[in-house]
Structures are given as C-alpha cells and as structure tokens.
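Asks: Construct the entire structure; sequences and hints are all you get.
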Amino acid sequence: MQLTNRSKQVSNKEMTFAEKIYLPAIITGLGITIKHFFQKKVTISYPEVKKNLGPVFRGRHVLKRDNQGRERCTACGLCAVACPAEAISMVASERQKGEENLYREEKYAAVYEINMLRCIFCGLCEEACPKQAIYLRHDEFVPVFTERDQVIWGKDKLAENMNNRYLRTAWTREEAHEQDLKGIVAQPRTQL
Amino acid sequence: MAFSIDAAFIIKAIIILLIFAITLLIATYSTYAERKVAAFIQDRIGPNRAGPFGLLQPIADAVKMFFKEDFIPSHASKWLFILGPCLSMLTALMTSAVIPFGDSVKYEAAPGKVWDVAVQAIDVNIGILYVFGVVSLGVYGIMVGGWASNNKFSLLGAIRAASQNISYEISMGLAIVAILMMTGSLSIRHIVEQQHGGNWNIFYQPIGFVIFITCAFAECNRTPFDLPECETELIGGYHTEYSSMKLGFYLFAEYINMFVSSAMIASLYFGGYNYPGMDWVQAKLIAAMGEITGHNLATLVGTLVFFGKSLFFVFFYMWVRWTLPRFRYDQLMNLGWKGLIPLAIVNVILTGGAILYLKPLVVSLLK
Ligand code: SF4
Ligand code: SF4
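Going line by line, the protein sequences match chains A and B.
The first sequence: position 94 = 98 (the numbering used here), numbered continuously.
The second sequence: position 317 = 336 (the numbering used here), numbered continuously.
No lab work stands behind these hints, which were simulated from the structure alone.
Even for Gly, the Cβ is constructed at its ideal location relative to N, Cα and C.
Do not take every clue at face value.
[Claimed, not checked] Result set (DSS-like, lysine-lysine): computed pairs, CA atoms no more than 27 Å apart in a straight line:
no., chain 1, residue 1, chain 2, residue 2
1, B, K55, A, K54
2, A, K44, B, K55
3, A, K111, A, K45
4, A, K55, B, K55
5, B, K171, A, K45
[What the hints assert, rightly or not] Derived, one-sided and incomplete: chain B residues facing chain A with beta-carbon distance under 8 Å:
no., residue
6, F59
7, R63
8, I64
9, W299
10, T342
11, L343
[Stated by the list, open to error] To list a few chain B residues with every Cβ distance to chain A over 12 Å, as calculated:
no., residue
12, L37
13, L44
14, L175
15, M308
16, V324
17, W356
18, L369
Replies: Written out as structure tokens, the structure is:
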C-alpha cells in the first residue's frame with residue numbers, strides 16, 4: 005500500500021566517479037546556500053514587528069462588558085470548572101441596589117483572577133461561559149513577566165476598557181478567509 | 020647608528036603588536052560572523068540585539084564566558100586539564116608570526132639612511148616548516164584536554180583529533196612539497212614574492228590547492244571534518260567537560276586557526292599581498308607622494324588586499340560549514356588515505372615532470 009507518492013526507492017549502487025570525489029555535489033550545495041544567503045529573510049523581529057496571527061488566535065483574556073458598560077460575568081464558575089489548568093479562581097458577590105449600571109446580573113464576580121503561569125491558552129473558558137463574558141483576545145499576548153506578582157491577573161487587568169473595546173472579526177479560519185476575500189475589515193460581532 | 024636600530028626595532032614591535040591585535044580582533048569577530056553567516060544561509064537575521072546590528076555580541080559572549088562557573092571535575096587531572104586549552108591557544112597564536120602580511124615599511128632614520136622593515140613578525144627561512152611544526156603541536160592541546168577530562172567522550176574526541184590530524188598532515192605536506200619544488204624556498208615571504216602581480220600559484224597548482232584546502236579544513240576541525248567535537252555523537256568531544264573561559268579558549272583557538280590557515284591559503288596559493296596591477300599602483304603612489312610615503316601606502320594597499328583574501332577564506336570556511344553535513348569516520352579515513360594522499364603524490368610527480376620538461380619548452384617557445 006502506498007500512502008503518499010513521495011516515497012523514493014533507496015539505491016545502493018556503487019558511487020560513480022563524480023560522486024566519489026564529492027566536489028560536484030559540494031559545489032552544487034555551496035550554490036544553494038549562497039542563494040539563500042542573499043534571499044529575503046523570513047525572521048519577524050518580534051517586539052518591533054508584530055505579525056497578525058489571524059482572527060482565531062488565543063491570546064490574553066478579556067472580561068467583556070455589554071453595550072452599557074456592565075460586566076457580563078455572573079460568577080457561575082463554569083469557566084473555572086472547564087479550565088484544565090485550574091487557572092481561574094473567583095469570589096462571587098450579590099449585586100446591591102444602585103449597582104445595576106455596574107453588573108448585568110444579580111450575582112457578579114467581586115474577585116476574578118487568572119493565573120497566567122498556569123493558563124495554557126486552550127480557550128475552554130471562552131467556550132464554557134454561558135454569558136459570553138470571557139474571551140481570549142486574538143490581538144494581544146500576555147507580556148513577559150519578571151516578578152511573581154505580575155503573574156496573577158485580576159479584574160483590573162482583565163475587565164474590558166469601554167474606550168477601547170475588543171471586537172473580533174471572525175470566529176473560524178474559513179470565515180476569516182471569506183472576509184479577507186470580500187475585503188471586510190472589522191465587524192463587531194460580540195456586541196450583544 | 021644605535022638610534023636607527025632602535026627605530027627599526029620600534030617599528031618591528033609595533034608591527035608585531037598590530038598583527039597580534041588584529042589576529043585576536045578577527046578571531047573575536049569571526050564568532051560574530053559565523054553566527055551571522057549561519058543565520059543568513061538559513062534565511063534568518065542572526066544576532067542583532069547587542070549594539071547596532073549585534074556588533075557587541077562577541078563582547079557580551081566574552082563577558083558571559085568569564086562569569087560562568089569555572090568547573091574542574093573531581094576525577095580530572097587538574098594541571099593537565101588547565102594545560103589543554105592553554106596549549107591550544109598558545110599554538111594557535113604562534114602560527115601568525117611567520118605570515119607575511121604585507122611588503123615592507125620604509126623609514127628614513129637619517130638622511131640617506133632608509134630602513135626597510137618587513138610587515139611580518141619574523142621572517143624565518145623555514146617558515147612553512149615552522150607552521151607545520153606548530154600546527155602539529157596544536158593537536159596536543161586537544162589531546163591533553165581530552166585525556167585529562169577522564170571522560171570517555173572526551174577521550175574519543177581526542178583520539179579522533181589525533182588520528183585525523185596525522186592522516187591529513189601527510190597529504191597537506193605533500194601538497195606543499197609541490198609548491199616548494201616550484202619556488203625552491205621554505206620561506207613564506209619568498210613564496211609570496213615569487214607570485215608577483217597576478218602570477219599566483221593557484222594557476223599552476225589547482226589540484227594542490229584542492230588538497231591543501233581540504234586538509235586545512237581537517238586540521239582546523241571544521242565541518243565537514245569536525246569529528247573531534249561532533250555534538251551528536253560525542254556531546255562536544257574533547258571539550259565536553261570544559262566550561263567558562265577554558266571552553267572559550269578552545270573555541271577561540273579554533274577561530275584563530277581558521278584565520279591563520281586562511282592567511283596561509285592566501286599566501287601560498289593566492290599571491291598573499293600581490294594583486295594584478297600592483298606595480299602600476301606603486302609607481303603612481305611613489306610619483307604622487309614621494310619615495311617613502313608612496314612605498315608605504317602601496318604596502319598598505321597590499322596588506323588590505325591580503326586581508327581581503329584571508330577574510331574571504333574565513334567566509335568560505337563558514338559557508339562550507341553551513342552547507343555540508345559531517346563525514347562519517349570511515350569516510351574521513353578513506354578520503355584521507357585512499358583519496359588525498361595518492362592524489363597528492365601524483366600531483367608532486369606531475370609538478371616535477373612539468374618543471375623538468377614543460378618549463379624549458381615554454382621558455383624556449385616564449386623566446
Ligand atoms: S484558556 Fe484554558 S487554561 Fe487558560 S484560563 Fe481559559 S480554560 Fe483555563
Ligand atoms: S466568565 Fe462566564 S463562565 Fe466564568 S464565571 Fe463568569 S459567567 Fe461564568
């Protein structure tokens with residue numbers, strides 16, 4: 005049975021004279037490498053140049069707010085249960101009178117923390133959330149940390165900034181490709 | 020008289036110091052160049068963080084080497100362990116002494132009394148033998164280090180280095196014999212002087228050149244003949260147990276050897292500081308600047324040409340390293356004993372025949 009048509013019959017023939025003196029093969033090889041020497045380099049100098057990793061890249065988390073700026077999370081804990089790395093922890097709290105403009109649901113997360121050293125960026129929290137409250141941004145990484153207290157991200161870092169909302173343009177690679185073809189640039193899809 | 024001897028002495032001392040410094044500088048920056056060349060050949064950019072274009076990288080590396088723990092394994096033989104890298108470094112640095120880097124510097128000590136100082140540390144009349152002797156000593160650095168480590172991988176690396184160097188020195192010597200037959204002198208300066216202008220030995224000795232450069236690769240333990248190091252089989256070979264600046268010395272010695280053998284190739288086969296049209300340049304410079312300054316400037320141009328040639332061969336070493344895979348040990352020995360040595364002997368016989376029969380013929384035809 006043949007799986008691919010790339011298989012090649014191994015030949016154990018005696019080497020020809022040209023092969024025995026190595027020189028022709030060496031010169032061909034040198035030609036190939038010198039061609040690459042002058043070719044365009046593929047390196048992306050990361051902190052200075054950032055590559056667009058596509059619409060479905062799983063970067064740092066964001067705790068979404070709704071259109072009125074209220075936190076969507078209801079501290080149900082499903083994300084923490086789904087998380088294979090046990091990176092999420094939270095403290096639930098009851099919404100008080102007069103806080104309706106801050107929290108969308110009657111119960112909210114007073115503390116919501118993700119341990120970025122544990123997180124494996126699998127995106128299961130995003131899929132588990134029934135309130136569409138947590139997303140992994142496709143456009144930002146978790147930066148390098150040098151201190152241990154930078155590792156645990158609380159709500160101060162995670163909650164969405166209303167002046168700079170996170171919008172995702174596509175949800176699958178196929179969708180992104182389609183949009184690329186149509187020339188669609190950004191289309192808010194998470195505004196519910 | 021005493022004054023002028025002192026002046027010549029000072030010029031000589033400056034030249035020796037310069038040669039020493041330049042050799043070290045080139046070896047330092049070869050490490051940087053090696054990484055850049057490797058990166059470029061692999062479509063990468065290479066080190067570019069330390070300083071502009073990563074130019075401070077060698078300094079950063081040196082600082083790193085110095086600050087690493089200098090570890091001597093408890094089962095190693097302490098003094099031999101220290102002696103190994105020192106020997107390697109010493110022999111590597113000694114070879115550059117007899118290489119003629121340029122023609123000569125003229126200095127007018129007193130009116131009508133002009134001193135002519137060769138741009139070369141010492142001009143011994145057995146220059147090539149000296150180089151061969153010192154290079155053969157170089158393998159002791161590796162052997163002593165590998166043996167003293169008391170580690171089977173190091174020992175294997177040392178054994179490989181020894182047998183490889185012995186095998187390839189023979190064909191290297193035979194390749195040189197052909198050159199000696201043509202020039203009739205062992206002094207490298209004489210050999211270079213006889214290649215005046217574009218009359219380079221490479222045109223008379225193409226086979227000798229191929230043999231010589233192959234052996235030079237083997238002598239420097241460079242890919243495709245880097246079997247003494249051989250990370251994949253021997254975890255670094257003879258320097259497995261070394262750390263800190265001792266390891267740095269071994270690696271550095273390799274780069275110095277590379278530069279020195281490039282300089283040897285340039286002087287023996289590519290005319291050293293000679294280049295086509297050098298007489299014209301010298302005449303022009305002397306006409307424009309006067310006898311002494313003109314001559315010195317022409318020497319400078321020749322020296323630059325020499326460095327250009329040497330650096331090209333350093334580049335060639337790297338180019339080959341990032342092109343070819345390593346030879347297997349039996350292939351290495353086959354190539355050395357069954358390939359290169361017979362070829363070198365044939366080359367010697369052919370050269371002898373050419374000198375005996377072809378040369379009078381050509382000379383009579385030209386008349
Ligand atoms: S991305 Fe995965 S590992 Fe990270 S917090 Fe979400 S579920 Fe846990
Ligand atoms: S982020 Fe979503 S899943 Fe997690 S606690 Fe809040 S509402 Fe529940």
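Asks: Now tell me, hint by hint, if it's right for this structure.
Replies: Hints, verified against the model:
no.: 1; hint: B:K55 <-> A:K54; verdict: holds, 23 Å
no.: 2; hint: A:K44 <-> B:K55; verdict: holds, 14 Å
no.: 3; hint: A:K111 <-> A:K45; verdict: violated, 53 Å
no.: 4; hint: A:K55 <-> B:K55; verdict: holds, 23 Å
no.: 5; hint: B:K171 <-> A:K45; verdict: violated, 41 Å
no.: 6; hint: F59; verdict: holds, 5 Å
no.: 7; hint: R63; verdict: holds, 5 Å
no.: 8; hint: I64; verdict: holds, 4 Å
no.: 9; hint: W299; verdict: violated, 32 Å
no.: 10; hint: T342; verdict: holds, 4 Å
no.: 11; hint: L343; verdict: holds, 6 Å
no.: 12; hint: L37; verdict: holds, 31 Å
no.: 13; hint: L44; verdict: holds, 24 Å
no.: 14; hint: L175; verdict: holds, 25 Å
no.: 15; hint: M308; verdict: holds, 39 Å
no.: 16; hint: V324; verdict: holds, 23 Å
no.: 17; hint: W356; verdict: holds, 14 Å
no.: 18; hint: L369; verdict: holds, 17 Å
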